[in-house]
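Number of protein chains: 6
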Amino acid sequence: MTPFTHLDNDGHLHMVDVSDKEPTLRRAEASCVVHSAIDLDALAPTTTGLDPVVAARLVGIQAAKRTAQMIPLCHPLNLNDVQVAITKDDGAITVRTTVVAVNRTGVEMEALAACAVAALSLVNALVTLDATARFEDLVLERKSGGTSGDWGRLIGAGPADTPDEGD
Amino acid sequence: MTPFTHLDNDGHLHMVDVSDKEPTLRRAEASCVVHSAIDLDALAPTTTGLDPVVAARLVGIQAAKRTAQMIPLCHPLNLNDVQVAITKDDGAITVRTTVVAVNRTGVEMEALAACAVAALSLVNALVTLDATARFEDLVLERKSGGTSGDWGRLIGAGPADTPDEGD
Amino acid sequence: MTPFTHLDNDGHLHMVDVSDKEPTLRRAEASCVVHSAIDLDALAPTTTGLDPVVAARLVGIQAAKRTAQMIPLCHPLNLNDVQVAITKDDGAITVRTTVVAVNRTGVEMEALAACAVAALSLVNALVTLDATARFEDLVLERKSGGTSGDWGRLIGAGPADTPDEGD
Amino acid sequence: MTPFTHLDNDGHLHMVDVSDKEPTLRRAEASCVVHSAIDLDALAPTTTGLDPVVAARLVGIQAAKRTAQMIPLCHPLNLNDVQVAITKDDGAITVRTTVVAVNRTGVEMEALAACAVAALSLVNALVTLDATARFEDLVLERKSGGTSGDWGRLIGAGPADTPDEGD
Amino acid sequence: MTPFTHLDNDGHLHMVDVSDKEPTLRRAEASCVVHSAIDLDALAPTTTGLDPVVAARLVGIQAAKRTAQMIPLCHPLNLNDVQVAITKDDGAITVRTTVVAVNRTGVEMEALAACAVAALSLVNALVTLDATARFEDLVLERKSGGTSGDWGRLIGAGPADTPDEGD
Amino acid sequence: MTPFTHLDNDGHLHMVDVSDKEPTLRRAEASCVVHSAIDLDALAPTTTGLDPVVAARLVGIQAAKRTAQMIPLCHPLNLNDVQVAITKDDGAITVRTTVVAVNRTGVEMEALAACAVAALSLVNALVTLDATARFEDLVLERKSGGTSGDWGRLIGAGPADTPDEGD
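Chains as they are written, first to last, in this note's numbering: chain W, 1 to 167; chain Z, 1001 to 1167; chain Y, 2001 to 2167; chain U, 3001 to 3167; chain G, 4001 to 4167; chain P, 5001 to 5167.
Rather than coming from a laboratory, the hints here were simulated on the basis of the structure. All values derive from a computational prediction rather than experimental measurement. Glycine included, C-beta positions come from ideal geometry on N, C-alpha and C. A portion of the hints provided could be inaccurate.
[Unchecked claim] To list a few chain P residues with every Cβ distance to chain G over 12 Å, as calculated: (1) P5023; (2) D5051; (3) D5081; (4) A5085; (5) T5087; (6) E5136.
[Unchecked claim] With a straight-line Cα cutoff of 30 Å, these simulated DSS-like cross-link-like pairs (lysine-lysine) come out: (7) Z/K1021 with U/K3021; (8) U/K3021 with P/K5021; (9) G/K4021 with Y/K2021; (10) W/K21 with Y/K2021.
Could you build the full structure based on these sequences and the hints that come with them?
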């Protein structure tokens, strides 16, 4: 009755049984942006000042691995790769994550979780000086693999567009 | 040299030693908003459909407790209370969190982490149907306690405004 | 000498090396019952009162994923599905769990762990009002897959009954 | 309206804010019993055969520390002591746990969680040989400290019997 | 430019994408030695005194499973087997670990982590009596599987010696 | 009978009950050394090459917080500060850690755990190029606070030298 794959016939939350799906290569990308009123270059005035950026990359990688602990309906899974790229632009820091796995279900939540927690780590560095530091626009950028086919935020669904049954 | 409390004199990331601070009552509130192109009421068409909202509250509480595992420079601490409120408005779901502790350092990051991960849990329910589901404007709303005094996003700093040395 | 697969030839606890086993579909079901002197319907007088039941389902799912962290000799593994069903009968709440995985070893402990911790979550809701709330009869109901073949508590072993070497 | 301290005025699950309570010495004891059709002494035919019992004690201690991760509404807290005693009687293994903390809320759930997970560890050693191994009667035996005063399963409430507001 | 597989072309730490590698049987062994000024037999004067040794074996097994949580660039993976052997010699306790998995990357770090944390557990038993208890020579003993082929500390590389791209 | 505080009167491992001890300021320092046959400066040829060192510092901080999860008899506790310093000398990398807490028991194991796991992180960066990379001499350098008084590896015990009952 409900279109939500996470609700069963009785309307209860449940994990999606992925036993009938074959493991295939899955890839997902996400992004978000951290804003702060203070000069972001103050984060990195010297060589060693890059530390908060290195920290955010590692924090994002660890968060991707911890996704199924954080989000109850996510399947525990092995990951082939997690990349976290952080770039500083005019008054903003952009976090972009890519997660890759051979798996029965997608890695969208892993990419989003890595992005959100890496951004939290940057906010942690900023918030004692600027309590208004915030992050916004956490969004899935792209995904590929699985029965639902490829999809990109800016390009829309590719040829195969059946919704993916797994998370 | 650097104004960042998380960077030591050599510009390296470090934890802030809070041994000289007395434990006092700390409170912090954060919020963020989840947007989706689909009708959000579909999340809760019936009694049992409230499950994703209940899940997000529990997920946020658990994330608050896990903050120091997620964010390296956060101090591990006990929490007196974590509240996660979720309200559905016109085309948006607002997540508001409150964290309370008696502690030597603030609980800002705990409130932000609870908010971000509760929002991820809602996105998890939406993203298989709407890949553009996103959350934005994760921001600290208010904090009280500690040497830096009270602060509110809409009201600014209270009388005591020395930056809090701890995280 | 010892018949226990978890004891090596010297009588020491050890993990069972499952390298010689092929991954196959494994399924296990467990159940237990929570008793309390108070009226259990008080847990769910209204729509929103269902929260403790939703919570117990999520808690059970998370416990299944955490089994190898809780029980040292359990192999870490990915799970295809975890289901937690909770039904209220006359003066008792029954918790039933099902765990499914494609794996080199069984998922009996995952089903039992999910069941035990979901029951603990229900006891947590009851115990401040009724300190005698208890749970009992945590038991494996059924399992299938692996060299030891199918087994059911009420039906006994199926045709293949060699004990499964893995956990 | 609801007598459950874990439900707020709207009937939603919430953590109990313990900020108004003073930290005091809390103690709780729990027990449960593991039954198996096979000769339990086979678990410990020799010196080294004691390993499953040692394992269960350690597993119980670790579970007590992990209670707030397993059960969402439990407060994270430091523990002064966790004891896990395991005795083998006629066809049964009894697990008894004691948890002690100086804290704003009770440690009942920590004692129950330690007991349940230690019993799971024993079942893990038995279940490959005896699929009917089960545990039952997980129950709080005794607690002391807090505004609700002392209580014992066999002796009832002590003089102070106001329900403890915390978990 | 850099020969380090963990540094990308820009010199940043990154996980190694193992998507192009096939899962194969991997095995790694590590060892280290714990020294203490006190009589090590005091650890095990009686049957039950073996507890610290049993504990260290279990602790090592759990650490192997937790490697990817401890070390950011390690891939999360399932393990077929973890063995921890502890032998007491003249004034020293030797810890030897073996980890086996079918995986796209090696299990060297899992064997080293199991060894290090098992040794920490032994030091924990000794350090209150002998603050100079230490461990040393944590080293990889042997590994097999993967494109880099077999290698042993005492025998050097086997025929295939291309460095393994994964961790 | 046994002098080990971690063994009870029956010779069983147990946690030490620290309820009778007052929280006081505790500090502990540990160190270890990582050796490798390859040129260690290759780890940091450029600015960004410092990443493995930043990573090791963060990894050590996270390990200190995780000590009670890794080592069963350690008490869970809050930490005021964790410092991890990494210096490269001639053919060796020295890791030094300092942990500070106000607590009923010492933080020696936290300092040792931070040191061991930070060193593992450095070995992780080296081991794919040099399988003989190893670390050695993990040792407590200094501790202060608690009934056992101050102690230093090079200076011996200070005036108060009763063994500390806690871990």
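Hints and how they fare:
Consistency note on P/P5023: stated as away from chain G, and its beta-carbon is indeed over 12 Å from all of that chain's, at 18 Å minimum. Interface exclusion of P/D5051 from chain G breaks down, the closest Cβ pair being 4 Å apart, not more than 12 Å. Every CB of chain G is more than 12 Å from the CB of P/D5081 (nearest about 20 Å), matching its label as outside the interface. For P/A5085, the shortest C-beta to C-beta distance to chain G comes to about 19 Å, beyond the 12 Å cut-off, and the non-interface label holds.
No Cβ of chain G comes within 12 Å of the Cβ of P/T5087; the nearest lies about 19 Å off, and the non-interface call holds. For P/E5136, the condition that its CB be more than 12 Å from all CB atoms of chain G is violated, with the nearest at approximately 4 Å. With a C-alpha separation of about 21 Å, the suggested pairing of Z/K1021 with U/K3021 holds against the 30 Å cut-off. The suggested pairing of U/K3021 with P/K5021 holds, with an alpha-carbon distance near 21 Å, which does not exceed 30 Å.
For the hint linking G/K4021 to Y/K2021, the alpha-carbon distance of about 21 Å falls within 30 Å, and the restraint holds. For the hint linking W/K21 to Y/K2021, the alpha-carbon distance of about 21 Å falls within 30 Å, and the restraint holds.
Violated hints, in rising order: 2 and 6; the structure is consistent with all others.
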